[in-house]
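**Student:** Chains A and B, in that order, give the protein sequences.
Everything in the first sequence is counted per this note's numbering, starting at 106 for the first residue and increasing by one.
Everything in the second sequence is counted per this note's numbering, starting at 6 for the first residue and increasing by one.
To be clear, the hints were calculated from the coordinates, so they are not data collected in a lab.
Beta carbons: idealized from backbone N, C-alpha and C, even for Gly.
Hints may contain errors.
[To be verified] Reference excerpt, derived from the structure (chain A facing chain B, CB under 10 Å, subset only):
{"#": "1", "residue": "R159"}
{"#": "2", "residue": "Q179"}
{"#": "3", "residue": "A182"}
{"#": "4", "residue": "K249"}
[Said to hold, decoys possible] Listed next, the in silico PhoX-like pairs over lysine-lysine satisfying Cα-Cα at most 25 Å (straight line):
{"#": "5", "chain 1": "A", "residue 1": "K277", "chain 2": "A", "residue 2": "K238"}
{"#": "6", "chain 1": "A", "residue 1": "K238", "chain 2": "B", "residue 2": "K11"}
{"#": "7", "chain 1": "A", "residue 1": "K227", "chain 2": "B", "residue 2": "K214"}
{"#": "8", "chain 1": "A", "residue 1": "K238", "chain 2": "A", "residue 2": "K227"}
[Claimed, not checked] Sample of chain A residues with no beta-carbon within 12 Å of chain B, all distances over it, derived:
{"#": "9", "residue": "V201"}
{"#": "10", "residue": "H205"}
{"#": "11", "residue": "D257"}
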Amino acid sequence: MNAIETTGLTKRYGQIVAVDDLDLTVPTGEIYGFLGPNGAGKTTTLRMLLGLTRPSAGSLHVFGRTPGPGYLDQVGALIEGPAFYPYLSGRENLRVFAGHARVPGARVDAVLRTVDLTDRAKDSYRTYSLGMKQRLGLAAALLKDPRLLVLDEPTNGLDPAGIADMRVLLRKLAADGVTVLLSSHLLAEVSQICDRIGVLSHGKLVTQATIEELRAGGTLHVTAEPAERAEAELIALVGRESLHANGSGFDLNVEPAAASRINTALVTAGVEVSELRWREPDLEQNFLELTGDDHVR
Amino acid sequence: MSGDLKAELSKQVHRPASWLLLVVAVALSLTFGYLVPYAAPDPGRGQDALLPGAFVGSAIGGLPIFIGGLTLIFGVLVAGSEYGWDTWKTVLAQGSSRFSVYGAKIVTVAVGTLLLMLTLFAAAAGASALVAVLRDQPMQWPSIVDIVRGIGAGWLIAMMWGTFGVALAVVFRSVALPIGLGLVWLLAVQNLLASVAAPVLPWVAEAQKGLPGPNAGSLVAGLGARTGTPGVEQLVGAGQASLVVAVYLLAFAAVGGWLLHRRDLG
């Protein structure tokens, strides 16, 4: 059973279509990166998943359940940044939310330990730094010991060490069987931690693939002189359709293992090879093209 | 709903603003119910209204206007702060239904206003006993039935204003605007209707009999509150007034619940 399945999920605000006919599938046990530029519809989708926003059309299932009583029993979430009562301490805030979640008070200390906030738990929430607030938000999301964790831009406000800690924590949760749906506009963040990525642009899911699938399809880059002779040799070796000349040399659509054979053939033909390098596909460029936007970094 | 109720009560118990409202309500009630009349007695009435036998009317006399305003603020804070701090999403992500959380908020307002009524009655009883001692008057208390009836009526009115605040908070999805508009209605519009429009426009005078404030005023007047206190005037009988106030309470609660259920949050 998939953790999340949406079919034709749509949200309209008047004439504006924020989410358009979205078919999203998040397999159980994976860390799924929900990627897209600001305004692509990521948060609206997550809000619909959590019942905060009503869909205009379409259906959604979480672990096979449709919205209704018990729908969020196995779901923890942190949406659009942490939101707590400023006059309460971190621990008091979590106790309040433990009441709403109907979980024992003992879970409060457990999740405070998980996010490493025990030392500051007695302090008023209003005195917390942005990073501490974010960690408290994650603690609230973990109160129910969820099977699915929905996190919207969870590293906002965290310093590099905090981001690394968050990454370690999410990997640990995933190893324990928790499915994580993580939205971000940061390609680097998502590609480092996620098993699978869905790219949203202008409310539409433009691609959904594993990281391995997205990284597949690299090219062998060759720089050699004289260029005309090198080109003729390469066409003979790999065929014109597998060769792409550019300003700095040639990109060949071949397997990485072909590199030594091509090098030997060029040298034997009297061509001087100055560079022979395997190039991974440019994920960033791919995403910019997919989203038609330059906000993805 | 028990988990939600526990959570909602915890939010208000730990909130300094809730206790500040209680302190202000008691201070205002004692100041205008006892201190000022004691320091500057009304020649036409004497000080019988300050003695224990009349403490029920003194305890609930402020509910049509200023104590009502404070309970309205309490209602707005209970519901509106979730919008102000954007905490609805954190609450509802825990899996509670909107209906359950809203119901817990209404019960929290009921508990808060009951505490307010009990405190006001205790304070008024204490103040009236002090006046009796100072004036060397006998301690003649109202019957238990009259006291319970007074607490019940006061609670009903306080709940009505509290749910008015909850409904305004849900309608405007904020804190400041609902408090501002609610207080303008309570403190200004009601008084203008009663003192400016009603005397010259018979239909306004008649329409007042269906408005929440005049019915609250009629109810407390019927239970012994001094007429002449702002908002206290017996326009209708206590029975009708109780019914109208109860209908407004239910209507405000229903409007807030319906809107919260059908709207998107955030």
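**Student:** Hey, is H205/A genuinely clear of chain B, shortest beta carbon separation above 12 Å?
**Tutor:** 4 Å, violated
**Student:** Quick check on Q179/A please, does its C-beta sit within 10 Å of some C-beta on chain B?
**Tutor:** 9 Å, holds
**Student:** Under the criterion that the straight-line Cα-Cα distance not exceed 25 Å, is the pair K277/A, K238/A satisfied?
**Tutor:** Holds. K277/A to K238/A sits at ~21 Å (cutoff 25 Å).
**Student:** Does A182/A meet its interface restraint, that is, does its C-beta lie within less than 10 Å of any C-beta in chain B?
**Tutor:** At about 4 Å, which falls below the 10 Å cut-off, the nearest Cβ of chain B leaves the hint on A182/A intact, so it holds.
**Student:** For V201/A, is the shortest beta carbon distance to chain B beyond 12 Å?
**Tutor:** 5 Å, violated
**Student:** Please work out if K227/A and K214/B have their alpha carbons no farther apart than 25 Å.
**Tutor:** 52 Å, violated
**Student:** Between K238/A and K227/A, is the straight-line Cα distance small enough, at 25 Å or below?
**Tutor:** 14 Å, holds
**Student:** Does the CB of R159/A sit less than 10 Å away from some CB of chain B?
**Tutor:** Where the cut-off is 10 Å and the nearest Cβ of chain B is about 6 Å from R159/A, the hint holds.
**Student:** So D257/A supposedly isn't at the interface. Is its beta-carbon more than 12 Å from every beta-carbon in chain B?
**Tutor:** Not fine: 10 Å to the nearest Cβ puts D257/A too close to chain B.
**Student:** Within 25 Å, alpha carbon to alpha carbon, are K238/A and K11/B?
**Tutor:** 24 Å, holds
**Student:** So, K249/A near chain B? Judge it on the closest CB pair being under 10 Å.
**Tutor:** With Cβ-Cβ at 7 Å, under 10 Å, it holds.
The structure is inconsistent with the numbered hints 7, 9, 10, 11, although it conforms to all the rest.
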